[in-house]
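**Student:** Sequence:
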Amino acid sequence: MSRLAPTPTPLSPQSLDGGEFAERTEGNYRRSERLIRALDLALCVLALPTLLPLILLFGLAIKLTSPGPVFYRARRVGQHGKIFYLLKFRSMYLNADRMGPGITVQNDPRVTSIGRLLRRAKLDELPQIFNVLWGDMSMVGPRPEDPRYVEHYKPVERQLLSVRPGITSVASLYYSAEETLLHGEDWEKAYLEQILPHKLALDAAYVQEYSVRSYLAIIFASVVKLTGLPKLVEVITHRIRNRHIFAADLVLWAITPIVAWCLLNNQLYLPSAVDSRLVLYMVVATLVKVSVYYGFGLYRRYWQYTGIHDLALLTGANATITVCLAFGYLVIAQFGLLPTLSIIPTLPIVDGLLSGVFSGSTRLGMRMLNEWMRAHHEFGNRHRVIIASAGSAGIAALR
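Under the numbering used here, residues 1 to 399 are what the sequence shown spells out, in order.
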């Protein structure tokens, strides 16, 4: 295998953004490298029984739909500048690499119909598990680049070649839709001047923090991305500001149907064998409540400053939930639909009332706790300010 220019040792205190790479002993670096290599092999052994049938299936589909080999061998730069051949499912027509650039652009006519589907789901990368087994790559690391683009690396950027390139990385997750950014006549200039430097900077963070912890964090993020969970994760971790309130609501919503059932049956306890219909109702009701609360924006508010408007919004959300559940279960009872879901018709009404009371109490409790803390703790360096003509944004800033 040929090599490019020598790669600086990872101990060099350099970085891509003008800062410094964290200095570390060679012993720590080698230890991390050995552990990560062991994890790579373990993941390959665990994944191969599942991936091999998929590789055979996709390979057959490629062979039947277009002439040419199943795999495409791309010339890439690996650790310490060593050239290796990266394996991918062939997603383009035969000899497409001679008819255009080494990077796929948006709506690239060279891509086959099967290739387009594989690329969309990132399944064309599956054969790279063999590159990991052979030691050319790791599961996690900077994505290997074409030698033509590595030639543009500055000396400091060659720090990224000190570790094995990876199947996934922070940069590949961030630029998962890279093809959509590459269009027009100056796509290569945009890649070299805008996208590539940012990708290198993102990968520099991984090289700087080269450890098992960062390796596992990127593996987890990649699994989340591939399994289609990012939207759910985004809702829970970003769009839902009050995650503690969300958790409290889930607990309360598991309790209120049981309390409502006991009240309607004049019992203070549940029977030893809980009716499966009640369990199904709890699941359905929780899904409806989460959807309505999120739709009403109840997890994006500052509940420590609860006001009349907030409580009115909460009341409206609970009224909507109660009407939806009561009407839905009334239809089920009247027409005998889905007998496994049928319950006491008044259960959704009582459950809705209890949910509203408990949810309101939780939020009012936060307001009272906040007022108590403000009254019993002096805040230093306080200044009077005037916020004018800011509307709801001003209220949010004040809170």
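Each hint should be verified, as a subset may be incorrect.
Lysine-lysine pairs mimicking DSSO-like chemistry, simulated, CA-CA at most 27 angstroms apart [stated by the list, open to error]:
1) LYS225 <-> LYS122
2) LYS154 <-> LYS63
3) LYS63 <-> LYS122
4) LYS82 <-> LYS122
5) LYS225 <-> LYS88
6) LYS189 <-> LYS122
7) LYS82 <-> LYS63
8) LYS225 <-> LYS154
9) LYS189 <-> LYS154
10) LYS63 <-> LYS189
11) LYS88 <-> LYS122
Label pairs and their in silico Cβ distance ranges [stated by the list, open to error]:
12) LEU364 <-> LEU278: 27 to 37 angstroms
13) ARG120 <-> PRO69: 35 to 45 angstroms
14) ARG30 <-> TYR93: 37 to 47 angstroms
15) THR286 <-> ALA74: 42 to 52 angstroms
Source of the hints: derived by calculation from the structure; they are not laboratory data.
We treat Cβ as the ideally placed atom computed from N, Cα and C, and that holds for glycine.
**Student:** Indicate, hint by hint, whether the structure satisfies it.
**Tutor:** We went through each hint and held it up to the structure:
1. As the CA atoms of LYS225 and LYS122 are separated by approximately 10 angstroms, the hinted pair is consistent with the 27 angstroms bound.
2. For the proposed pair LYS154 and LYS63, the alpha carbon gap of about 41 angstroms is over 27 angstroms, so the pair is violated.
3. Restraint check: the Cα-Cα separation between LYS63 and LYS122 comes to about 19 angstroms, which is no more than 27 angstroms; the hinted pair holds.
4. Distance hint between LYS82 and LYS122 is fulfilled; the C-alpha atoms sit about 25 angstroms from each other, no more than 27 angstroms.
5. A threshold of 27 angstroms between alpha carbons decides the hint, and for LYS225 with LYS88 the separation of about 20 angstroms falls inside it, so the pair holds.
6. For the proposed pair LYS189 and LYS122, the alpha carbon gap of about 25 angstroms is at most 27 angstroms, so the pair holds.
7. With a CA separation close to 31 angstroms, the supplied pair LYS82 and LYS63 exceeds the 27 angstroms bound.
8. Our distance criterion of 27 angstroms between C-alpha atoms is broken by LYS225 and LYS154, whose separation comes to about 31 angstroms.
9. A threshold of 27 angstroms between alpha carbons decides the hint, and for LYS189 with LYS154 the separation of about 17 angstroms falls inside it, so the pair holds.
10. For the proposed pair LYS63 and LYS189, the alpha carbon gap of about 35 angstroms is over 27 angstroms, so the pair is violated.
11. At most 27 angstroms may separate the alpha-carbon atoms for a hinted pair to count; LYS88 and LYS122 meet this at roughly 10 angstroms.
12. Checked against the hint of 27 to 37 angstroms, the pair LEU364 and LEU278 passes, with Cβ atoms roughly 29 angstroms apart.
13. Between ARG120 and PRO69 the C-beta distance comes to about 21 angstroms, which lies outside the given range of 35 to 45 angstroms.
14. For ARG30 and TYR93, the hinted distance range of 37 to 47 angstroms is satisfied, since their beta carbons lie about 44 angstroms from each other.
15. At roughly 48 angstroms, the beta carbons of THR286 and ALA74 sit within the given window of 42 to 52 angstroms.
Taken one by one, the earlier hints fail for this structure at numbers 2, 7, 8, 10, 13, listed in ascending order.
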